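Start from the sequences and build out the full structure, keeping to the hints where you can.
2 protein chains.
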Amino acid sequence: MKVRVLVSLKPGILDPQGKAVEHGLAELGFEAAQVRIGKLIELEVSAGDAAQARAQVQAMCEKLLVNPVMEKAQVEVLG
Amino acid sequence: MKVRVLVSLKPGILDPQGKAVEHGLAELGFEAAQVRIGKLIELEVSAGDAAQARAQVQAMCEKLLVNPVMEKAQVEVLG
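Protein chains in written order, with the working numbering: chain A, 1 to 79; chain B, 1 to 79.
Treat the hints loosely; a few may be bogus.
What the hints assert, rightly or not - Quick list of in silico lysine-lysine cross-link-like pairs, BS3-like style, CA-CA up to 27 Å:
{"no.": "1", "chain 1": "A", "residue 1": "Lys39", "chain 2": "B", "residue 2": "Lys10"}
{"no.": "2", "chain 1": "A", "residue 1": "Lys39", "chain 2": "B", "residue 2": "Lys39"}
{"no.": "3", "chain 1": "A", "residue 1": "Lys2", "chain 2": "B", "residue 2": "Lys10"}
{"no.": "4", "chain 1": "B", "residue 1": "Lys19", "chain 2": "A", "residue 2": "Lys10"}
{"no.": "5", "chain 1": "B", "residue 1": "Lys2", "chain 2": "A", "residue 2": "Lys63"}
{"no.": "6", "chain 1": "A", "residue 1": "Lys10", "chain 2": "B", "residue 2": "Lys72"}
{"no.": "7", "chain 1": "B", "residue 1": "Lys72", "chain 2": "A", "residue 2": "Lys19"}
The hints are simulated quantities; they were obtained by calculation from the structure and are not laboratory data. Small disclaimer: the values here were computed from a predicted structure and weren't measured.
In structure tokens form, the structure reads like this:
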């Protein structure tokens with residue numbers, strides 16, 4: 001089953017990469033605010049159903065993929 | 001308007017970071033395959049409607065956010 005995890009910095013955590021992109025966009029004439037850069041993790045797990053897949057990937061997030069101090073994760077099972 | 005861009009490596013492009021995560025997961029006893037790491041870009045643009053917001057962010061992708069040789073992007077307007 002294909003699953004994706006959207007990992008983003010928690011509000012209040014500084015994001016220098018996002019700020020750099022925001023300035024780059026402004027220099028090109030674009031107006032964008034609150035640019036935040038996170039991670040997109042796509043993976044395949046073998047699971048009987050979506051709930052099982054989600055549970056597996058949640059466990060992976062807790063053990064390895066996500067730093068709970070700074071980051072939050074959203075797990076989406078694509079099927 | 002809040003928009004997010006999911007940037008992922010095109011198929012066939014090597015992803016050493018993904019491979020490292022895959023091995024890390026395996027060492028922890030998880031079974032995951034085809035792990036790919038991309039970028040999640042969240043931003044705010046001022047636009048009248050979703051179509052306008054999407055067009056603005058597509059232009060940002062072409063000019064700065066995405067390397068079209070190696071990456072593909074999916075723009076999602078969250079409203």
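Hints, one by one, checked against the model:
1. A:Lys39 to B:Lys10: holds (16 Å)
2. A:Lys39 to B:Lys39: Within the cut-off at roughly 5 Å; holds.
3. A:Lys2 to B:Lys10: holds (16 Å)
4. B:Lys19 to A:Lys10: holds (26 Å)
5. B:Lys2 to A:Lys63: violated (30 Å)
6. A:Lys10 to B:Lys72: Since the Cα atoms of Lys10 of chain A and Lys72 of chain B sit roughly 25 Å apart, the hinted pair holds (cutoff 27 Å).
7. B:Lys72 to A:Lys19: holds (22 Å)
Going down the numbered hints, you'll see the structure goes against just number 5.
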